[in-house]
Amino acid sequence: MKENLYQYILEIADNCLILGQRLGELCGHGPNLETDIACTNISLDLLGQVRSYYQYAAQVMEDGRTEDDIAFMRMEREYRNTLLVEQPNTDFAFIISRQFMFDLYHYLFLKELQHSRDLSLSAIASKSIKEVSYHLRFSSDWMKRLGDGTEESQRRMQAAINTLWPYFEELFEISDAGKALIKEGIAVDTKGLKKDYLNSAREYLQEANLIMPEVEHFMKGGKSGVHSEHMGYILADLQYMQRAYPNMNW
Amino acid sequence: MSEEKIKDLENQFEERIARDDKIEPKDWMPEKYRKTHIRQISQHAHSEIVGMLPEGNWITRAPSLRRKVALLAKVQDEGGHGLYLYSAAETLGISRDEMIEQLHSGKAKYSSIFNYPSVTWADIGAIGWLVDGAAIINQVALCGTSFGPYARAMVRICKEESFHQRQGYEIMLTLANGTPEQKAMAQDALNRWWWPSLMMFGPRDEDSPNTALSMKWKLKRKTNDELRQQFIDQTVPQAELIDLKVPDPDLKWNEERGHYDFGPIDWDEFWQVVKGHGPCNRERMEARRSAWENGAWVREAAMAHADKKAKKSLNKAS
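From first to last, the protein sequence lines stand for chains A and B.
Going by the numbering used here, 8 is the number at position 8 of the first sequence; the sequence numbering is gapless.
The numbering used here runs 1000 ahead of the 1-based position in the second sequence.
Be aware that one or more of the hints could be misleading.
Stated by the list, open to error - Cross-link-like lysine to aspartate or glutamate pairs, in silico, EDC-like; alpha carbons within 20 Å at most: (1) B/K1312 with A/E207; (2) B/K1035 with B/E1101; (3) A/K195 with A/E229; (4) A/K144 with B/D1307; (5) B/K1311 with A/D141; (6) B/K1311 with A/E34; (7) B/K1308 with A/E76.
Note that these hints are calculated values from the structure, not bench results.
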């Protein structure tokens, strides 16, 4: 039970950590000041959520590990984030599409997690959903602006969505830890959310003048710790200080 | 307008400045006052924006989650400062795009300090402590400046900057109390950032041609040398408190003056960096230009979308 809960918290929080890290790369490089500040702000929210989750995970394990041990000291195969959030910041169309695909999932997920029988998880969910509803508004507004902007922006958005769409399904994959905790009323049964996600995404995409790609083969592996080749580089940055100067206070 | 009338307006303007009245955007002002303010406020805004780069350099590598979150928040604040400073400058009749164009063409300057590289985590501490510390001294002096929108922006910015400065000092304190490696990292950062921080106050008074006019218009309330001395007097005891050594063999308390004496500043280095030959001038400008160029299609799309929306609602209305 303890191990399942720990793994389940990581599944949730690692998505926020890695997406927060990706957005952190953008700081100072956005298309204008407002979007630059907004992306930094989303990163900040996500990492704030990560701290709450990892602090709780550390408490669950009761073995002296800290939020930073969990964030920085695991090996690549031990990270449980989906492949979607590790995809690179190819251009602003990719950044917005990745964000939108994640935000819509994140919002639907937290809405359910608020009803978890685990009171810590439900409390984190209730706090986070306010932030995430803002993230979704930001990313879906930009989907519309760019999808329904110029010919170039439409083309770039469609290309980004086509490339990223095969990664959406993994968000809904249920791990063994998840399965065990659904029975306990702790984890969210994401199977039921997929239909809502697809319906909602279809509406957003239509409004943004974009076509939902028809995909036969979906990408997965992140949730079981088999990541893309990008992940090693993300971790090299993320873990640099903790690996180069172990066991110090910062 | 007749020359006599202009003279009259100028006199009234000078009287208002002397009375410490705030000058507001719609008030009459001499053309030179307007231009000087556009130059200084936009330079200040550009410094905030370029200043995001050396700090942004450590966001993905911050050593703990707490530090990462704090650094993100800080860099985001700098972006916010840039926003209100650009807005303050816009009230004087220049657009943000024009100002950014001037930055990219090299016509407008930004603070030279950001042309130094942030090479270790301790640099993030040193930048907060020293660079923000120096900036606050400049900016507190500007809270009383004569141009209303600039003075009000400064009041708000100073509050956030003093928080950043404490945060930077706290990073240094943690390192100084840490392992020998951490302490060495902190000392090395102080060694590299000390002199460039002193240069942030600009050339010596006798080499600063704009000072007299800026003082007259209360755009500046203290001279470069006065502010630099204030910074040194304030910062040396802070370094001593955490047992770090200020890299100036001539530094000595002067009882008679009630100030620290300090060694000569390398003005050749200062001018070299101002003229574009600092360690990171090229990288900083490339980063800004490429963000702007890569974002062009995004800005165009946003405009096009706004136009379409406006037309749609117009059609509905008619």
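Q) If you draw a straight line from the CA of B/K1035 to the CA of B/E1101, is it 20 Å or shorter? A) 16 Å, holds
(Q) What's the verdict on B/K1311 and A/D141, does the C-alpha distance respect the 20 Å limit or exceed it? (A) 18 Å, holds
Q. Can the restraint linking B/K1312 and A/E207 be considered satisfied, given a maximum Cα separation of 20 Å?
A. Satisfied, since the Cα-Cα distance of roughly 14 Å is no more than 20 Å.
Q) Taking 20 Å as the top limit, are the C-alpha atoms of B/K1308 and A/E76 close enough? A) Roughly 46 Å separates the two Cα atoms, so the pair is violated.
Q. When you check the alpha-carbon spacing of B/K1311 and A/E34, does it fall within 20 Å?
A. 24 Å, violated
Q: Mind checking the alpha carbons of A/K195 and A/E229 for me, to see if they're no more than 20 Å apart?
A: 30 Å, violated
(Q) Would the hint linking A/K144 and B/D1307 be met if the CA-CA limit is 20 Å? (A) 13 Å, holds
When the structure is compared with the earlier hints, violations turn up for hints 3, 6 and 7 and for no others.
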